[in-house]
Amino acid sequence: MKHSSFFWFILPTATAMLLFIALPIVSVLIQSVHTPHDAVLIETENCGPFGCTTATTIDQEATRALRDEKPLGKFVGLEIYFDRGHLAITEVAETWRNAESIGGFFADLNNLPFYRAMAFTLTFTFTVTPLMLVFGLMIALGVNALHQRIKGVLIFFSLLPMIVSPLIGSLVLFWMIDSRGILGSALQWFFEDPDLSMKASTGLTWIMLIVYGVWHAAPFSFIVFYAGLQTLPQDTLESAQIDGASRWQQVRYVIIPHLMPLITFVALMQLMDNFRVFEPIVGFNSEAHAASLSWFIFNDLGGETRLLSSAATSSVLTIIGVSILLTPVLIRTWRDFNAKS
Amino acid sequence: MSQSYSLSTKRQPMALKLLIWGFIGLWLIIAAFPFLWTLWGSFKMEADFFSKADWFNAILAPRTIEDHGTAFIGQGYEGAWVQEEFWKAVINTALVCFFVVCTSLTIGTLGGYALSRSSYRYTFWLLITALIFRAMPPITLVAGYLLPFFEWNLWGHLTTTVIVLVAINQPFTLWMLHSFFQKIPKELDESAKVDGCTQFQAFRHVIIPVMWPGVITTGLFSFLLAYNDFAVTSMLLSKENQTMVPKIASFLGTTQTEGNVMFAVSAVVSATAPLFILVMFFQRQIVSGLTQGAVKG
Numbered sequence: 001m002k003h004s005s006f007f008w009f010i011l012p013t014a015t016a017m018l019l020f021i022a023l024p025i026v027s028v029l030i031q032s033v034h035t036p037h038d039a040v041l042i043e044t045e046n047c048g049p050f051g052c053t054t055a056t057t058i059d060q061e062a063t064r065a066l067r068d069e070k071p072l073g074k075f076v077g078l079e080i081y082f083d084r085g086h087l088a089i090t091e092v093a094e095t096w097r098n099a100e101s102i103g104g105f106f107a108d109l110n111n112l113p114f115y116r117a118m119a120f121t122l123t124f125t126f127t128v129t130p131l132m133l134v135f136g137l138m139i140a141l142g143v144n145a146l147h148q149r150i151k152g153v154l155i156f157f158s159l160l161p162m163i164v165s166p167l168i169g170s171l172v173l174f175w176m177i178d179s180r181g182i183l184g185s186a187l188q189w190f191f192e193d194p195d196l197s198m199k200a201s202t203g204l205t206w207i208m209l210i211v212y213g214v215w216h217a218a219p220f221s222f223i224v225f226y227a228g229l230q231t232l233p234q235d236t237l238e239s240a241q242i243d244g245a246s247r248w249q250q251v252r253y254v255i256i257p258h259l260m261p262l263i264t265f266v267a268l269m270q271l272m273d274n275f276r277v278f279e280p281i282v283g284f285n286s287e288a289h290a291a292s293l294s295w296f297i298f299n300d301l302g303g304e305t306r307l308l309s310s311a312a313t314s315s316v317l318t319i320i321g322v323s324i325l326l327t328p329v330l331i332r333t334w335r336d337f338n339a340k341s
Numbered sequence: 001m002s003q004s005y006s007l008s009t010k011r012q013p014m015a016l017k018l019l020i021w022g023f024i025g026l027w028l029i030i031a032a033f034p035f036l037w038t039l040w041g042s043f044k045m046e047a048d049f050f051s052k053a054d055w056f057n058a059i060l061a062p063r064t065i066e067d068h069g070t071a072f073i074g075q076g077y078e079g080a081w082v083q084e085e086f087w088k089a090v091i092n093t094a095l096v097c098f099f100v101v102c103t104s105l106t107i108g109t110l111g112g113y114a115l116s117r118s119s120y121r122y123t124f125w126l127l128i129t130a131l132i133f134r135a136m137p138p139i140t141l142v143a144g145y146l147l148p149f150f151e152w153n154l155w156g157h158l159t160t161t162v163i164v165l166v167a168i169n170q171p172f173t174l175w176m177l178h179s180f181f182q183k184i185p186k187e188l189d190e191s192a193k194v195d196g197c198t199q200f201q202a203f204r205h206v207i208i209p210v211m212w213p214g215v216i217t218t219g220l221f222s223f224l225l226a227y228n229d230f231a232v233t234s235m236l237l238s239k240e241n242q243t244m245v246p247k248i249a250s251f252l253g254t255t256q257t258e259g260n261v262m263f264a265v266s267a268v269v270s271a272t273a274p275l276f277i278l279v280m281f282f283q284r285q286i287v288s289g290l291t292q293g294a295v296k297g
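Listed in order, the protein sequences are those of chains A and B. According to my numbering, the first sequence is numbered sequentially starting from 1. According to my numbering, the second sequence is numbered sequentially starting from 1.
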């Protein structure tokens, strides 16, 4: 294709991505080093019979003029990155000096909101991803061994948890797990504890969110692995059987190696997707026990006072996290492309 | 469970067979039961669906029968659709989804086609850039939109949200259509060009008639993205322009305290029903779309 026709074909989509993905990233970067202007104050001295007092008032006009002139606010460099709501450099240093042991240091670190959110986000990402891979593989192997006719029905119902909006999916589970709901009652009965509530403890909230995460993501790995199983070379499997391989050995040495490229693909995609976990936290109303980086941004942006600078800073930190997880994907794509050409 | 694999169903011992059936049955319950339960419960009173006394009340609904004389009532739906004006959110969602899918497919098809037909190095860099863009969480981008949108009075409108969703959708659409167009032989449009067609005419008369399977699959995913989005729609739409998902979220904040949680339950069921139907009709396309990127490696 000629350069000129390529240009015209790609122009609309490139413009859309440039304006609404590339520029916002730049905008976020700029906003994260600015903070809203302070109000302009005027000091007036009132002298009366009993001496002089100074009164401070806000110069509304000057403040508005300043804000109109520079809507971004004033430049503060990395100050917001280091404040208590984000990386909290001073607090971390202090904790480090006062901590008696490494364990104590991490326990104290947990009092800082950013690190608490980071801890949850990473735990969620690195537990949900392996669990959904294992669970998806088990379903795929099970379904593959079943009769052809019921597979359609199975795939239909399996798709549902994945296809509904994460907010709706988490609400559906949340209402069941409520202490007055069916699962909540079942758990109370099972543990013989009538006051058991999943919402009340941090540990249980985390488990609840992780269970949701696996429920939501397992269908994806199931579908992909199931498709992979259809292309399994039958002669390799048969020769393994002739050599006397047990079922477990067949899975371990024939099926899993065959599926390996797919497992890597799903794992890499899921690491990125789970890192941005957000809607379940709104759905499960769990921010008191488990908040994520994305939820932080959402919280700053919403409400009466929109803390744009703080949200921008959290966004930049999230983007850095995503970029780290993205690197292996990029390397893989690069290798594939060079292998092809 | 991993021992449960076998080549043919004939040679499975009984115990293994039972194990497989048990496990798959369990998964079926885990996957489907929550939705059926919520559908059933949405026709009950809150006192039954969230019963303090006995969870079994959600099935038999004694309070609902006592108060209304029947076990199935539509009050949750009435409250959500009429009183809280959920129907407006449904119309807004329909508008947003329709325009997102159409625009996204139009510009995505042109771009994906170009990427699949050009052999220069820059196509690779464009695809890599799209991949990086796909990884960006939408909520981080929203933080970048708000300030300029407020400044230029673009905030709150459906049009703005449609454009933003189209843009966020593009990286995925491009990748999907790019790999789809690569499967259509190049000779097809090359020969049209030899016969004197311009590149666009070749696209128009040769490619468009054969591209529909791939476009429909991609369109389904664009639809799902627009339909399910929460981050963008909740932040960029004003209250009267809200789509279904942010509307449901707003039920949680305000009406739950008033004891109207059944409004939210009914709204959730209403929002899930179209997806149910969608999967029923397009199951094959959705599965092929999910595996397309993956199976190729």
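Hints were generated in silico from the structure; no laboratory data involved. In this text, a Cβ means the ideal position worked out from N, Cα and C, and glycines have one as well. Check the hints yourself; a few may be wrong.
Said to hold, decoys possible - Simulated restraints, written as ranges between beta carbons of each label pair:
#1 F105/A / P213/B: 49 to 59 Å
#2 A53/B / P233/A: 31 to 41 Å
#3 Q182/B / F7/A: 54 to 64 Å
Unchecked claim - Here are the simulated EDC-like pairs of lysine to aspartate or glutamate, each with C-alpha atoms no more than 16 Å apart in a straight line:
#4 K52/B / E91/A
#5 K2/A / E190/B
#6 K88/B / E240/B
**Request:** Hint by hint, work out which the structure violates, then give me just those numbers in ascending order.
**Result:** Of the numbered hints given earlier, those the structure breaks are 2, 3, 4, listed in rising order.
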